[in-house]
Amino acid sequence: MQHALDWRRFWTGTIALVVGLGLASAVMLPFRSHLSVATASLVLVVPVVTAVVLGGPRVGMVAVPLGFLVFDLEFIPPYWRLSAGSDQNWLALVVYVAVVLLVGRVVSRLQDLRAESARHEADSRRVLVLSEHFASDKPVREILALVAASVRSAFDLETVALLMPSGDTNSLAIVASDGPDLGDEALRRIMPSAGTPASLTGNVVAGALLQQIPLTAAGRPVGLLVLHGRALDIHDRGLLVIYANHAALAIERAQLRDEALRAHLLEQVDEWRAALVGTVAHDLRTPLASIKVAVSDLREPGLALGAAARSDLLETIEEQTDRLTRLVSTVLDLWRLEAGALRPKRELVSVNDLVDEAAALVERSVDPSRLRRILPAGLPPLEVDPVLMAQVLANVLENAARHSPAATEILLEAASRQGPADEIEIAVSDSGQGVPPEQRELIFEMFHRGADGGRSGLGLAIAKAFVEAQGGRIGVGAARGGGARFVLTVPAASASAAAELLDEGSDRS
Amino acid sequence: MTRVLVVDDDPALLKALRIGLDARGFEVVVAHTGAEGLSRAAQAIPDVVVLDLGLPDIDGVEVCKRLRQWTEVPVIVLSALDTEDRKVLALDSGADDYVTKPFGMQELEARLRVALRHAAARNPSSQAATLTVGPIQVDLTTRVVEVGGARVELTAREFDLLAYLARHAGKVCTHRTILREVWGPGYGSENHYLRVYASRLRRKLGADGGPLLRTNPGVGYQLVDERPT
Numbered sequence: 001m002q003h004a005l006d007w008r009r010f011w012t013g014t015i016a017l018v019v020g021l022g023l024a025s026a027v028m029l030p031f032r033s034h035l036s037v038a039t040a041s042l043v044l045v046v047p048v049v050t051a052v053v054l055g056g057p058r059v060g061m062v063a064v065p066l067g068f069l070v071f072d073l074e075f076i077p078p079y080w081r082l083s084a085g086s087d088q089n090w091l092a093l094v095v096y097v098a099v100v101l102l103v104g105r106v107v108s109r110l111q112d113l114r115a116e117s118a119r120h121e122a123d124s125r126r127v128l129v130l131s132e133h134f135a136s137d138k139p140v141r142e143i144l145a146l147v148a149a150s151v152r153s154a155f156d157l158e159t160v161a162l163l164m165p166s167g168d169t170n171s172l173a174i175v176a177s178d179g180p181d182l183g184d185e186a187l188r189r190i191m192p193s194a195g196t197p198a199s200l201t202g203n204v205v206a207g208a209l210l211q212q213i214p215l216t217a218a219g220r221p222v223g224l225l226v227l228h229g230r231a232l233d234i235h236d237r238g239l240l241v242i243y244a245n246h247a248a249l250a251i252e253r254a255q256l257r258d259e260a261l262r263a264h265l266l267e268q269v270d271e272w273r274a275a276l277v278g279t280v281a282h283d284l285r286t287p288l289a290s291i292k293v294a295v296s297d298l299r300e301p302g303l304a305l306g307a308a309a310r311s312d313l314l315e316t317i318e319e320q321t322d323r324l325t326r327l328v329s330t331v332l333d334l335w336r337l338e339a340g341a342l343r344p345k346r347e348l349v350s351v352n353d354l355v356d357e358a359a360a361l362v363e364r365s366v367d368p369s370r371l372r373r374i375l376p377a378g379l380p381p382l383e384v385d386p387v388l389m390a391q392v393l394a395n396v397l398e399n400a401a402r403h404s405p406a407a408t409e410i411l412l413e414a415a416s417r418q419g420p421a422d423e424i425e426i427a428v429s430d431s432g433q434g435v436p437p438e439q440r441e442l443i444f445e446m447f448h449r450g451a452d453g454g455r456s457g458l459g460l461a462i463a464k465a466f467v468e469a470q471g472g473r474i475g476v477g478a479a480r481g482g483g484a485r486f487v488l489t490v491p492a493a494s495a496s497a498a499a500e501l502l503d504e505g506s507d508r509s
Numbered sequence: 001m002t003r004v005l006v007v008d009d010d011p012a013l014l015k016a017l018r019i020g021l022d023a024r025g026f027e028v029v030v031a032h033t034g035a036e037g038l039s040r041a042a043q044a045i046p047d048v049v050v051l052d053l054g055l056p057d058i059d060g061v062e063v064c065k066r067l068r069q070w071t072e073v074p075v076i077v078l079s080a081l082d083t084e085d086r087k088v089l090a091l092d093s094g095a096d097d098y099v100t101k102p103f104g105m106q107e108l109e110a111r112l113r114v115a116l117r118h119a120a121a122r123n124p125s126s127q128a129a130t131l132t133v134g135p136i137q138v139d140l141t142t143r144v145v146e147v148g149g150a151r152v153e154l155t156a157r158e159f160d161l162l163a164y165l166a167r168h169a170g171k172v173c174t175h176r177t178i179l180r181e182v183w184g185p186g187y188g189s190e191n192h193y194l195r196v197y198a199s200r201l202r203r204k205l206g207a208d209g210g211p212l213l214r215t216n217p218g219v220g221y222q223l224v225d226e227r228p229t
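Just so you know, the sequences run in chain order A and B. Letter by letter, the first sequence follows residues 1 to 509 of the numbering used here. Letter by letter, the second sequence follows residues 1 to 229 of the numbering used here.
Isolated chain A (complex conformation):
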């Protein structure tokens, strides 16, 4: 591109020269015998200088001899001969050449300076843009891609790849690259295998030069920048070093930031774990306390317990044992889920089946007669893990039962929602005190202590973890009667999958 521009300038200057000299000759030729040689030379300086200004020093090489020829042949007698006649004419000719050469030189120098300052300005603008990019708080991956892309565009290269030490093998690997992929040949040059001499500088691969520049921050190697494309001149190399230093600092900063974030995350996980252990301990001990009290009564000889009291105690023991069993298996599931050992299955299950399953899980703590279902016909099936999802719904139902007056209704509604992905909303509303807006996020946290009917314990936190593991959401709002309305949003099966379910019936596995 630079080349084409230069040539255009050259031709512009040349045309200006030819036209200018032609015009000057045409105007002066009829009166040349009346004009002094000095006047003619002064007039002829004008088109030559104009051409040099327009076309640059290269035009000067043409303009000076051409101007000389025109002057000598046309305006210095004897005309049309390369002889200058008198000494005075010789002097005029020499002065003319000297002036033209001097002007040409000054003009070209000026233009050089202007070009250089423009280049400097462009360079500083590029560096400025780069540092602005790099100064922004971006994750390491983005910074790496940015380095490769910006170096490629700034230096007009084919491909720029950024290599960094990878993991524990200590070998270099490409972490970001811009432009067409480096070929196998280039890769071999960059990362030679055993027995192959590593040589990089000035290597021509696939018709283009392969160059490298190390990135270091505070003396510590950060990575290696590999450039494939045109040869870089000294000026470009200098700029590239500045680029490389900027990039190295930016990468290091991003790495440190990522590390800090990771450390913070680990800290939070630790905190969360500690809270979880505390909450689990509390939730495990609570049913144990009732069981122990009931058993110690039943075992005490001579304690005057009526038949009703005895059966009440036994019932308590059974209820609390169920509660404990469910809690233990849920906590185990939660930990397996977290450790990656439990992957939520994706099966098609109808909302009705799911509600039945959940209601059966909590039939001791949630009186089935309290449940009122509003489940429209024709709902698409859900695509979830049926066991985990039933547990989620059971926890929500149990929470509703615990936080609303005994024997009041618990409303279960479902509706499908069309969106980018089809989803089904299952809402559980109770007629308790409701959840104040400022608590609506908090109640899903592990160690939250509710404001009204007791601590929420693990139930809702587990529900949230399970629902999110299946790509769903859980939230709470206000029910129409003022109670709490928990809404589960879970992915619905696609239409084709739903049709399959209908076709295959119970054959699916």
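Hints listed in this document are in silico derivations from the structure and should not be mistaken for laboratory results. If a hint is listed, it holds; no wrong ones were tucked in.
Computed from the model, here is a short list of chain B residues facing chain A with C-beta under 10 Å:
hint: 1; residue: Pro11
hint: 2; residue: Leu13
hint: 3; residue: Leu14
hint: 4; residue: Gly20
hint: 5; residue: Asp22
hint: 6; residue: Ala23
hint: 7; residue: Arg24
hint: 8; residue: Gly54
hint: 9; residue: Leu78
hint: 10; residue: Ala80
hint: 11; residue: Gly104
hint: 12; residue: Met105
We put the CB at the ideal spot given by N, CA and C, even for glycine.
Using the hints, position chain B against chain A.
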């Protein structure tokens, strides 16, 4: 009939406690929250309060403090793992004793009886010159201590410690409280003093008196009128 107020937020535990205490001849009043507990305590005037520390609305320690503003009713706190650190605060705030969940009914009943008996003994004799805890007699005016009629020689500090525990017989006195009350306001964390004095006191009180001074590891000391079962 002895009236017990049980404050706990777990309905299952409340039910089991109600049946158990009922069968043991207590009249049971229950409350599910701290606020309900405070108002029941004022209405029903219980003889003893069983108070869970992990209440949903008002912290158990706070409930204890508020009760102490107007009543000397003995309070036994129920602590679980997550409220373990707060049981000392509860004792400092006026609770008499604690039971750690899960617990058997026999244990709770024993604690209830101790608390009730000492509360009954404490009230009329709070102005008396002589304190009696089982076979131990402490004469506050002459500073003479007898165990089963036999005189025991104590140093001034040993006597002050014994007198303090006898005045609060049945109550679990925390390290901090004992140190502050017996040693002086500048003390509070010198638990090793207490260990030394308690073991000396136990030795001097002999086979009859010694075992009545109970150690609650990490919490404090308690002087009770019966040997541990």
